[in-house]
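Undergrad: Sequence:
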Amino acid sequence: MDQALSKEGHSVRNVVVVKRNGQPVDWHEGRDQWWEDTVGVASGEHTAVGHDAEHPLFILYTSGTTGKPKGILHTTGGYLTQTAYTHKAVFDLHPDTDVFWCTADVGWVTGHSYVAYAPLVNGATQVMYEGTPDSPHQGRWWEIVEKYKVSILYTAPTAIRTFMKWGRRSLPSTICPRSGSWARWVSPSTPRPGCGTGTSSAPTPEEREKKEHPAPIVDTWWQTETGAQMIAPLPGVTATKPGSAQVPLPGIAIDVVDEAGESVPDGHGGYLVVREPWPAMLRGIWGDPERFKDTYWSRFEGMYFAGTGPRKTKTETCGSWAGWMTS
1 MDQALSKEGH
11 SVRNVVVVKR
21 NGQPVDWHEG
31 RDQWWEDTVG
41 VASGEHTAVG
51 HDAEHPLFIL
61 YTSGTTGKPK
71 GILHTTGGYL
81 TQTAYTHKAV
91 FDLHPDTDVF
101 WCTADVGWVT
111 GHSYVAYAPL
121 VNGATQVMYE
131 GTPDSPHQGR
141 WWEIVEKYKV
151 SILYTAPTAI
161 RTFMKWGRRS
171 LPSTICPRSG
181 SWARWVSPST
191 PRPGCGTGTS
201 SAPTPEEREK
211 KEHPAPIVDT
221 WWQTETGAQM
231 IAPLPGVTAT
241 KPGSAQVPLP
251 GIAIDVVDEA
261 GESVPDGHGG
271 YLVVREPWPA
281 MLRGIWGDPE
291 RFKDTYWSRF
301 EGMYFAGTGP
311 RKTKTETCGS
321 WAGWMTS
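If you count the sequence shown from 1, position 171 lands on 171 in this note's numbering, and the numbers rise without skipping.
Honestly, I wouldn't trust all of these hints.
[Stated by the list, open to error] Here are the computed distance ranges between Cβ atoms for each label pair: (1) 259 to 25: 51 to 57 Å; (2) 299 to 35: 43 to 49 Å; (3) 24 to 88: 43 to 49 Å.
Since the hints were made in silico from the structure, they are not lab data.
Backbone N, C-alpha and C define an ideal beta-carbon position, used for all residues, glycine too.
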């Protein structure tokens with residue numbers, strides 16, 4: 001932080017510092033303020049500052065599996081519109097009654113979109129948790145679900161697979177006196193729906209979850225670059241298929257194409273593209289417009305190249321396509 005603020009051209013006047021580990025802080029008098037001293041005297045009223053829809057909102061760097069990380073630029077209007085819409089539609093959110101919990105780190109795009117922004121836009125009640133699923137015990141998440149009556153849980157399939165490995169007997173008897181099963185232990189709150197992101201849920205964890213409790217399990221596909229969910233079934237509208245994000249959300253023009261950029265027939269794999277603009281789409285790679293063009297727009301003319309490999313199949317419910325999404 002201090003290194004970044006040592007550069008010229010910024011407009012930061014104050015830095016709020018939280019006491020965490022008791023270590024000494026390189027304090028800058030007049031700029032730095034303790035959280036404990038600030039929150040008690042801060043006004044409860046806040047007047048939002050109006051911005052143009054294309055005003056930059058944030059830059060988020062991708063992990064960069066190949067090459068250097070990319071600083072993905074998102075802007076204000078379209079990003080907030082799509083994250084708010086998908087938060088309501090995909091999760092079947094009822095802000096007056098639901099308690100929402102997205103377990104993602106806020107530093108990841110899922111945390112940006114479905115912890116920091118969409119819940120605030122929609123006025124949702126949400127749980128924010130900083131910690132691991134297994135400390136102080138392996139039932140920590142389900143203890144939180146029960147304590148705060150979480151009704152919608154958004155997590156990664158990797159977490160569900162971890163819980164499956166831990167098994168039914170992983171919880172202390174004091175946490176789960178009735179059955180020893182973490183899934184049944186949360187049944188009084190019954191999260192609705194449970195959503196997964198990041199990696200494909202795959203049939204095994206998804207069907208296991210479905211068997212343990214009847215909450216809808218919804219797979220979602222999207223990227224840091226897309227800003228918000230792009231492919232997902234809608235609870236109560238689309239019949240879900242284990243391991244598949246299934247259908248593009250309303251207004252999203254997804255296709256699977258071959259090397260020549262032509263749509264592939266059902267039953268074939270190919271390249272995932274988006275044929276039309278969408279509200280939350282990335283506006284660029286910070287400081288590198290040529291890389292932005294080369295990475296996403298040069299492979300197929302007039303289409304956004306997502307770089308993933310789905311398979312296109314007919315669904316029995318809506319005649320659209322469903323794919324096993326891989327990142």
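Undergrad: Does the structure break any of the earlier hints, and which numbers would those be?
TA: Hint check: nothing fails, all pass.
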